[in-house]
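A.B. asks: The listed protein sequences correspond, in order, to chains A and B.
So for the first sequence, this note's numbering puts the first residue at 1; every next one is plus one.
So for the second sequence, this note's numbering puts the first residue at 166; every next one is plus one.
No lab work stands behind these hints, which were simulated from the structure alone.
It cannot be assumed that every hint is accurate.
Unchecked claim - 27 Å max Cα-Cα, derived BS3-like pairs, lysine-lysine:
no., chain 1, residue 1, chain 2, residue 2
1, B, Lys567, B, Lys521
2, A, Lys12, B, Lys348
3, A, Lys77, A, Lys148
4, B, Lys210, B, Lys195
5, A, Lys101, A, Lys157
6, B, Lys412, A, Lys148
7, B, Lys436, A, Lys148
8, A, Lys148, B, Lys439
9, A, Lys23, B, Lys361
10, B, Lys442, B, Lys580
11, B, Lys348, A, Lys23
12, B, Lys354, A, Lys23
13, A, Lys160, A, Lys113
14, B, Lys354, B, Lys195
15, B, Lys211, B, Lys192
16, B, Lys348, A, Lys61
17, B, Lys176, B, Lys385
18, A, Lys12, B, Lys307
19, B, Lys211, B, Lys233
20, B, Lys521, A, Lys101
Unchecked claim - Example chain B residues on the side facing chain A (calculated, C-beta under 7 Å, incomplete):
no., residue
21, Phe324
22, Ala329
23, Val496
Stated by the list, open to error - Far from chain A, some chain B residues (derived; all Cβ distances over 10 Å):
no., residue
24, Glu180
25, Phe186
26, Leu226
27, Arg287
28, Ala302
29, Ala306
30, Asn320
31, Asn463
32, Lys492
33, Thr538
34, Glu544
35, Met563
Since the structure is predicted, the reported quantities are computational estimates derived from the model, not experimental observations.
Glycine included, C-beta positions come from ideal geometry on N, C-alpha and C.
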Amino acid sequence: MPFKLTEEFKAKAAHICARYPRKDAALIPLLQELQGQAGFVAEEAMDALAQYLELPYARVKGVVTFYTMFNRAPLGKYHLQVCRNISCHMAGAPALLGRLKEKLGIAEGETTKDGLFTLSTVECLGACGTAPVLQANEDYFENLTPEKLDALIDDLKHGKHPLKR
Amino acid sequence: MILNMESILLKDNVECLEGYFAAGGYKPLKKALALKPSEVTDEVKKSNLRGRGGAGFPTGLKWSFIPKDAPGPRYLVCNADEGEPGTFKDRELLLKNPHALIEGMAIAGYAIGAAHGYIYIRGEFAAEAALLERAVADARAKGFIGRNILGSGFNFELFVHRGAGAYICGEETALLESLEGFKGQPRLKPPFPAVKGLFGSPTVINNVETLAAVPSIIEKGGDWYAAIGAGKSAGTKLFCVSGPVNKPGVYELPLGVPFRTFLENNCGGLKAGKKLKAVIPGGSSTPVLTAAEALAVNLDYESLAAAGSMLGSGAVIIIDESQCMVKLLQVLARFYHHESCGQCTPCREGCGWIEKLLNRLEDGRGTVKDLDTLYSVAEAMLGRTICPLADAMAMPVMSFVKKFRSEFEAHAAGKCCPPDAAGEH
Ligand SMILES: Cc1cc2nc3c(=O)[nH]c(=O)nc-3n(C[C@H](O)[C@H](O)[C@H](O)COP(=O)(O)O)c2cc1C
Ligand code: SF4
Ligand code: FES
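The task is simple: from the sequences and hints, build the whole structure.
C.D. replies: This is the structure we're talking about:
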């Protein structure tokens, strides 16, 4: 099925492009919009956006692969991102990661069979004073303990946690 | 030194425009708009305010590098990428006092003749970006941002631009590339951004904390600000402390506060049973200090430089005796290797080698010769690259190996981390 940018997207895109003297500067915000809608950026979406911004496809693809927040394939409903940098490491991030792997039965970069959880590690999330930190989709969960982590997973499983996305 | 002075940046009840305005906010903007742009820059020069993003460059001087009569647009960019491991101060400032940044940007924009400003905020800060968008909209609705601000004829538009996950985009020229819609690969300097920056035009890039200090400087005068702190380290600084202390968090203190006082009075000392081993005083890129060195140092640009380290972003990372220094350096090496943009061979290859060597040492496969290689690879990376990320890897490596050599040697001899070291081995 060919990918088509919606009229709604185009209206929003025009608004975003107007913030910059060159419209290709809107490339990253527009990719974020597309990912916000679909949860990932498909090859066809990159192609459509390249045409819309009158850019070579390679430029769009290059940007998508450079930045870690762009997903090129669908993820689980909840993307659990465990910070593994120094402050979180000292506060017990490796044990939390181990616990998650065991609980969910997946390794880093994998998604549970029910499509609910994807597990990743990330670098410093800029919240080191409340380490260890995990980001689930866009929400931060800080000062985590094994108990809090278990409760979070249970809540997410039962749809009890209202994540923003 | 006065330690319980009134805060300049972190205040209560100024999160929303009403509260900020009630506390005298946006009066400095009015005052600035009645001055000549060059007079605003002079006041900031007089304050001795220095960049809070890491390099500590004098802010007024940076503004004065914008060519006076170059035709075409100029831009003001706020660096809210906050990616340096250990750093979480700009987030606190954005949540607690967003209008200080917005007002500071309007004033800075006026001083350098910019009609457009962008706040580049790291992509992960979704909630913070949303709050900031709202604060900008509120300021625009009241006429503090937009056309003909407060009837002065000065126009200044301000936009929030979210990053997409890349530490390197905190480096100012990589940030500009990213803001233009490219991969975040640093540019060769010169030309410096003040001459050829965003969209090829003269541009000033300042950290959140730097810009947020500007309204108070305009309100109370450069001399007032310069009198706070210690000598050439003027003003207050946000220190963000992480690690095993009783009260981790963000503290605003005059520059020059002794580390020992900070640790005991503000951070509540180390947690019960923990003993200080080392301190990374300014974010993960700054050289590590031993406990003894740290306890003798004051937290300001000059004192930390004299102690062989840097104030950096003000991210104080506390390391206690239970931690393994080889493991911690491995964590940092994995990070820098992952974040190297790959343009320069010494950085791309050097970070990779360093990570590999540390993996070997951690796994018990390393030798004493590896230790020397580790050090010399780091040394060979210094000052040979387009941007300072390679130095940011080399400096921790060299200081860790030099100051904690016995731990590295123990690993090379097959004896691993201290028995109670935390984390996975
Ligand atoms: C690898 C690297 C990462 C950086 N990350 C940041 C950052 O996250 N935030 C920041 O303000 N400055 C960062 N800087 C420093 C900026 O390049 C620049 O010096 C700073 O934004 C200038 O603002 P200031 O003069 O107000 O400090 C980084 C520098 C390097 C080399
Ligand atoms: S030093 Fe590293 S991060 Fe900086 S430009 Fe060179 S390769 Fe890229
Ligand atoms: S090290 Fe985990 S948030 Fe900074």
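A.B. asks: Compare the structure with each hint and give your call.
C.D. replies: Hints and how they fare:
For the given pair, B/Lys567 sits about 19 Å from B/Lys521 by alpha-carbon distance, which is consistent with the 27 Å threshold. For a cut-off of 27 Å, the pair hint linking A/Lys12 to B/Lys348 stands: about 23 Å separates their Cα positions. The straight-line distance between the Cα atoms of A/Lys77 and A/Lys148 is roughly 20 Å, inside the 27 Å bound, and the hint therefore holds. Note on B/Lys210 and B/Lys195: the hinted pairing holds, with a Cα-Cα distance of about 19 Å set against a maximum of 27 Å.
A hinted pair counts as satisfied when its Cα atoms are at most 27 Å apart, and A/Lys101 with A/Lys157 qualifies at roughly 15 Å. For the hint pairing B/Lys412 with A/Lys148, the CA-to-CA distance comes to about 20 Å; that is within 27 Å, so the pair holds. A distance of roughly 21 Å separates the Cα atoms of B/Lys436 and A/Lys148; the hinted pair therefore holds under the 27 Å criterion. Distance check on the hinted pair: A/Lys148 and B/Lys439 sit about 24 Å apart at the alpha-carbon level, within 27 Å; holds.
Between the alpha carbons of A/Lys23 and B/Lys361 the distance comes to roughly 19 Å, so the proposed pair stays at or under 27 Å and holds. At roughly 19 Å between alpha-carbon atoms, B/Lys442 and B/Lys580 fall within 27 Å of each other, so this suggested pair holds. Annotation: proposed proximity of B/Lys348 to A/Lys23 holds, straight-line Cα distance about 16 Å (limit 27 Å). For the hint pairing B/Lys354 with A/Lys23, the CA-to-CA distance comes to about 26 Å; that is within 27 Å, so the pair holds.
Only pairs whose Cα atoms come within 27 Å are accepted, and A/Lys160 paired with A/Lys113 is accepted, the gap being roughly 20 Å. In summary, the hint linking B/Lys354 to B/Lys195 is not supported, as the alpha carbons are separated by about 36 Å, beyond the 27 Å threshold. This hinted pair checks out: B/Lys211 and B/Lys192 have alpha carbons roughly 20 Å apart, not beyond 27 Å. A distance of roughly 10 Å separates the Cα atoms of B/Lys348 and A/Lys61; the hinted pair therefore holds under the 27 Å criterion.
A distance of roughly 17 Å separates the Cα atoms of B/Lys176 and B/Lys385; the hinted pair therefore holds under the 27 Å criterion. Taking the CA atoms of A/Lys12 and B/Lys307, the gap is about 25 Å. The hint holds against a cut of 27 Å. Proposed proximity of B/Lys211 and B/Lys233 is supported: the alpha carbons are some 20 Å apart, at most 27 Å. In summary, the hint linking B/Lys521 to A/Lys101 is supported, as the alpha carbons are separated by about 25 Å, within the 27 Å threshold.
At a threshold of 7 Å, the smallest CB-CB gap from B/Phe324 to chain A is about 5 Å, leaving the interface hint in force. Interface restraint check: B/Ala329 against chain A, minimum CB-CB distance 4 Å, threshold 7 Å, status holds. Residue-level restraint check for B/Val496 holds (minimum Cβ-Cβ distance to chain A is 5 Å; threshold 7 Å). Under the 10 Å C-beta cut-off, the non-interface status given to B/Glu180 relative to chain A holds; the minimum distance is some 18 Å.
With a cut of 10 Å on Cβ distances, B/Phe186 stays outside the contact zone with chain A, its closest approach being about 26 Å. Residue-level check passed: B/Leu226 sits 27 Å from the nearest beta carbon of chain A, beyond 10 Å. Against chain A, the non-interface label of B/Arg287 is violated: not every CB pair exceeds 10 Å, the least being about 7 Å. Under the 10 Å C-beta cut-off, the non-interface status given to B/Ala302 relative to chain A holds; the minimum distance is some 14 Å.
Listed as outside the interface, B/Ala306 is consistent with that label: its C-beta sits roughly 18 Å from the nearest C-beta of chain A, beyond the 10 Å cut-off. The claim that B/Asn320 lies off the interface holds: its Cβ sits roughly 15 Å from the closest Cβ of chain A, which is beyond the 10 Å cut-off. With a minimum CB-CB distance of about 22 Å to chain A, B/Asn463 clears the 10 Å threshold, and the non-interface call stands. Under the 10 Å C-beta cut-off, the non-interface status given to B/Lys492 relative to chain A is violated; the minimum distance is some 8 Å.
Distance check on B/Thr538: its Cβ is at least 23 Å (rounded) from any Cβ of chain A, clearing the 10 Å threshold; non-interface status holds. Annotated as non-interface, B/Glu544 keeps its C-beta farther than 10 Å from every C-beta of chain A; the closest such distance is 22 Å. The beta carbon of B/Met563 sits about 17 Å from the closest Cβ of chain A, which is more than 10 Å, so the claim that it is off the interface holds.
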